[in-house]
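**Q** Turn these sequences into a full structure, and let the hints steer you where they fit.
Protein chains in written order, with the working numbering: chain W, 1 to 688; chain S, 1001 to 1688.
Treat the hints as calculated values from the structure; they're not laboratory data.
Using N, Cα and C, we set each Cβ at its ideal position, and we do this for glycine too.
Check before you lean on any hint, since a few could be wrong.
[To be verified] Every beta carbon over 12 Å from chain S, so not counted as near; a handful from chain W, in silico:
id, residue
1, 46
2, 85
3, 91
4, 136
5, 293
6, 342
7, 373
8, 424
9, 558
[What the hints assert, rightly or not] Using 27 Å as the maximum straight-line C-alpha spacing, the simulated DSS-like pairs for lysine-lysine come out as follows:
id, chain 1, residue 1, chain 2, residue 2
10, W, 180, W, 28
11, S, 1311, W, 458
12, S, 1311, W, 565
Protein chains: 2
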Amino acid sequence: MHPLRLAGILLAASAAAPADEGMWLFNKPPVRRIKEAHGFEITPAWLDHLQKASVRFNNGGSGSFVSAAGLILTNHHVGAGVIQKLRVQERDLMKDGFLAKTRDEELKCPDLELNILIDIEDVTARVTDAVKEGMSAEQAAAARRAAIAEIERSSFSETGLRSDVVTLYRGALFHLHRYKRYTDVRLVFSPEKQAGFFGGDPDNFEYPRHTLDFCFFRAYEDGKPAAIGHFLTWNPKGAAEGELVFVSGHPGRTNRSLTHAQLVSLRDVSLPFSYERAARTEAMLGSWASRNRDNRRLAELSIFSFQNARKVMQANLGALLDPAFMERKARNEDRLRKAFESGHPEAAAAYDRIAAAEEESNAHRLRTEMLEEGRAFATALFPIARTLVRAADEEEKADGERLREYQAAGRVSLELQLFSDKPIFKHQEIVTLTDSLAFLCAKLGADDPLVRRIMDGKPPEKRATELVARTNLDDPEYRRELYLGGKDAVSASSDPMIVLARLVDEEARALRARQETCDEIRNQAHQAIAAARFALEGDDSYPDATFTLRLSYGLVKGYLNHGEKLPAHTTLGGLYERSEAQEATPPFDLPERWIRGRDAIDTDTPLNFVCTADITGGNSGSPVVNRAGELVGVIFDSNLDGIVHSFGYFEGNGRALAVHTAGMLEALKIVYDAGEIVEELTFSSNPE
Amino acid sequence: MHPLRLAGILLAASAAAPADEGMWLFNKPPVRRIKEAHGFEITPAWLDHLQKASVRFNNGGSGSFVSAAGLILTNHHVGAGVIQKLRVQERDLMKDGFLAKTRDEELKCPDLELNILIDIEDVTARVTDAVKEGMSAEQAAAARRAAIAEIERSSFSETGLRSDVVTLYRGALFHLHRYKRYTDVRLVFSPEKQAGFFGGDPDNFEYPRHTLDFCFFRAYEDGKPAAIGHFLTWNPKGAAEGELVFVSGHPGRTNRSLTHAQLVSLRDVSLPFSYERAARTEAMLGSWASRNRDNRRLAELSIFSFQNARKVMQANLGALLDPAFMERKARNEDRLRKAFESGHPEAAAAYDRIAAAEEESNAHRLRTEMLEEGRAFATALFPIARTLVRAADEEEKADGERLREYQAAGRVSLELQLFSDKPIFKHQEIVTLTDSLAFLCAKLGADDPLVRRIMDGKPPEKRATELVARTNLDDPEYRRELYLGGKDAVSASSDPMIVLARLVDEEARALRARQETCDEIRNQAHQAIAAARFALEGDDSYPDATFTLRLSYGLVKGYLNHGEKLPAHTTLGGLYERSEAQEATPPFDLPERWIRGRDAIDTDTPLNFVCTADITGGNSGSPVVNRAGELVGVIFDSNLDGIVHSFGYFEGNGRALAVHTAGMLEALKIVYDAGEIVEELTFSSNPE
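**A** Written out as structure tokens, the structure reads:
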């Protein structure tokens, strides 16, 4: 990240956005902008096809259909969490990779839910009408929650589709998204970790890059490969330098419309806390992993994800700690407030309301993080316990009064997670829980009354050991029994993890309610600001990312970095060179298959490429398509300059990184002998 | 660490100490105890010989003379910081190891100071008499500092010996230690890192253990090997199981006499802060090191030391977070207070005075850590700048009024450090400083007025880069010029690191003064408590460790761990087995020489052994001797159970770990072909 450049970052989406900025809604696409900037007009049919070929991975990534038989392309690192859980006769699929030679060999994934966006309905009026003049923030939050629950419930019961109301522009608009849901998803192909994660943490967010970060799943329906109407045609040549490309994916979260007060919170409170936690966990897990091979295998993916998160936070903190950026943000905000004062006094006043809500949030943030967000209980077993405890309590309330994740419309997803038979390794859970209990004691003080009750007179390791060793929640059948037993069964349970979840629930719920009241205040304030901006500037804009489908676009384009010209794409030959330059030390060692295959490979084949499309975390696995809507690559990363686009897109060295279709095809053909996939892609590409 | 056992830990040294407890003063040895427990009577001559053969490494370790020609044995990990800085024609001595075949080849070490304790004088009366009735804590602190300075100055000027007044029993006694000082120290032999650090972080603090953690230096005087009257005879057979052994070394710091309030501070404030910092730095440096081999080489030792510190803190926190331990501590303290109430009201009241001082300390601890302890400025260049700035300011004061490290008696050591030509790698300094500046912003807030001045309108990376790139303080000659130029030169300097040190000095000094006032209150309180305890319980005790020479003793003795019998010693054969069991993955890979030498080695030779002697950090490199005063091993570690001895010795599974003389000899003979050293040791052992 180059701090000097940051001062130039635009502070929020606005009418003056530069050519390739934006994560645009599919029901409000930037048709005119693209046409003016690139002379290409996207049509409703073009958009509809791309939308329905786009896949959301509910574990936090994106993907796309690439065949009529439900074949899905995404990143290896999006699939990795699932791949790590799969076992074929004790083979380590992360290490060895996987290829199903027949459909029978495709491996069913536990608790993986995929969503395809079918349609979008603006329900803003129904949501905001529920909030009446004179309601307190608590009352308003409850009314809004009830309205949203009813919209989702009735949509789900009418259509059978997953129905999510999404808050856009931080409270100005509410859209109902309806998704087709796939829960029978099977692994078809994944490369070895050495190829899929080539370069690991050291190369992460860097460019030039050389990684085979892709894999294939297949969606099934009724036990058969799903018949897919909208899938992307595989263009084996990919995109050339200078070509216009589009990215259709699910960016998770951006911070472009945050107020100055919210950015200060992020800079001084939330990010430092999250950074501390990530670094702490990374160091602790790294130490545990180094003890032997089994630990290493179990922990490597978590370690990588903490390293990844730490790098992102470091870059974001670097941006927020640039006073030039923060002062510019403050000035822009002042300018807006002044502009609002005459015609939009509500909007002018909104900034102070947000600042007050931030202060209130921050005052309780540490306890909220620890108790409600569960940072004190870093084990997969705790969320299970909490879900059981809360599901039983929420069951007794009207749907609209429940905590959101327990409402009727979300039950399918909730149960999919709850009854998943993904393996839980208790010795690893003890290690992570021990550390997080020590973190709890450090943060809230060992003499805090609730902390004392949580620790039950024991030091962290002993308490973690008894909690994990004695719980039965690692058994999905036991979970099902408790869940079906409802409030009576859960209240009577002496399972120690259930007892712990009950113990903290009163304060945790109170903390959540307090945060939701603050959210309501912020929602209302942002609604006022957005309305005023729409009135003054027009509404040719896009909202901050919300892990919903967005369209981005840009050019395939290299860049100058400290005077060095970086190419638009790298090649398979570069992969070998990078490995040699690092003396094949992990994570720069190549899999045996790649070493053997070297002579047969066309080393000029493009492997990774960069484009200027506006993306962020969650876009991993997004398809990159050309004007013809053909697949030319799969997004897998930003570079470091791209990370700070979180706070505003800036036409500089920030780039989206993708794996090139030509490189994937060459790997499948030559290295992996995956003729079946190649045929399926090729057949799909050339339908008779 | 086994939490259950902790409840049994004794809370402070007392007359009821178990047989092998204690880090005893050489001028108050536990003659009677040892005789009663083990039937062996140590004599003044025996003690005097051991004392004068013992060496303090001023970088934080211990060692011993093992030949008449100044040969010194210590741990590889004590020497590593120095070894890493040495270069012979670009060879990496950490990786390759080193053996001087002739004395001419011995490598001079930058800024390594060794001390040999010559005598001890009780100066308690002179120090405490300076503190008059009715003085405020500030006045008392100043008076005490002046008295200590005068004692040290006059001793140094009379004897030419390094003269340090040491605070014992946390303020009850003051002893003047006089040391012969060696500053021309040369590396003679060190094994490869793979052997010296075999097992690395995963095996650190574990047992059974297999490491060649030893190396040899030589003390020089007037350019020639120092002629040593007291050196230890190398016993090639080592010590047998059950044998009584002694450890003579420099334990750094224990916390056995801390009050409950002080332990709470440690648990809730200081240790969590230090843990956070260590984990953060470990993660950040690990990420940087993974980028390429050069980074790895530069950072590996720092990473290991942060890992090591983190493990120690984790174990100590585990102990303090055991409520059973803390409650027992509180009960013991109540019992003492009650006992003091009649005859020693001053002592009874002392506990509350300490608690108040802790509260005051804690209120300023974060800023003190950041600004005075320099945690905000993690670069070797900052302490240099501060030393120059402060030396110039202190020079103008009377000796007794100066900050302690700038007083006359300490100038030799100060200048040795300041003018050291140890290499400084600016690109690494930028990385560590960037991180610590971000840490500063996170901890004190980016809008703190001093933080804003420190950051000078720039984000961390940019500010760190300009500070490091533009300073000339990496040049020892430039430092010397500024130092000799005094106040005028330093005040006029525009070197950015000097400017930074000047900028923070006002607040840093104020914070230090505040902490020193708290120290004075604690000193006086502990003095009262100790006096009352001596009166009630007698003074057959030892003070908390203070990085001064202490005598420990115990038996060579294996132990039961979770039902598994762990042997008193491991063997060279076990080293190969451990490596194979871990598939020779680093840090379990063996150096080429060891693989080649396997057939020639007697695999039954003992390698590491354990004994019950009471040690802690700083004891690394301490000689282990038998009844005859012959060397049988060199201490290199505690096991995890031993770490919590910091809070009280407990006769359980805690053990001191040592490298066995037989294993070292076999390695020198067979693997390293180090006939010269073997001859020197053998000749010394069998003087004609």
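**Q** Run the C-beta distances from residue 373 of chain W to all of chain S and say if the shortest one exceeds 12 Å.
**A** holds (19 Å)
**Q** Determine whether the non-interface label on residue 136 of chain W survives the test: each CB of chain S must be over 12 Å from its CB.
**A** holds (32 Å)
**Q** Hey, is residue 91 of chain W genuinely clear of chain S, shortest beta carbon separation above 12 Å?
**A** holds (18 Å)
**Q** Would you assess whether residue 85 of chain W, listed as outside the interface, keeps its beta-carbon beyond 12 Å of every beta-carbon in chain S?
**A** holds (24 Å)
**Q** A cut-off of 12 Å on Cβ-Cβ distance, and residue 342 of chain W was said to be off the interface with chain S. Does that hold?
**A** Check passes; 31 Å lies beyond 12 Å.
**Q** If you draw a straight line from the CA of residue 1311 of chain S to the CA of residue 565 of chain W, is it 27 Å or shorter?
**A** violated (45 Å)
**Q** Minimum Cβ separation between residue 424 of chain W and chain S greater than 12 Å?
**A** holds (23 Å)
**Q** Taking only the CA atoms, is the gap from residue 180 of chain W to residue 28 of chain W under or equal to 27 Å?
**A** holds (21 Å)
**Q** Would residue 46 of chain W pass as off the interface with chain S, using Cβ distances and a cut of 12 Å?
**A** Residue 46 of chain W clear of chain S: closest Cβ-Cβ about 42 Å, beyond 12 Å.
**Q** Taken at face value, is the distance from the CA of residue 458 of chain W to the CA of residue 1311 of chain S at most 27 Å?
**A** At roughly 19 Å apart (the allowed maximum being 27 Å), residue 458 of chain W and residue 1311 of chain S satisfy the hint.
**Q** Test the statement that residue 558 of chain W is away from the interface with chain S: the closest C-beta pair must be farther apart than 12 Å.
**A** It holds; residue 558 of chain W is separated from chain S by about 22 Å at its closest Cβ, greater than 12 Å.
**Q** Is it correct that the beta-carbon of residue 293 of chain W has no partner in chain S closer than or equal to 12 Å?
**A** Since the minimum Cβ distance to chain S is about 7 Å, residue 293 of chain W lies within 12 Å and the statement is violated.
In summary, the numbered hints that this structure violates are 5 and 12.
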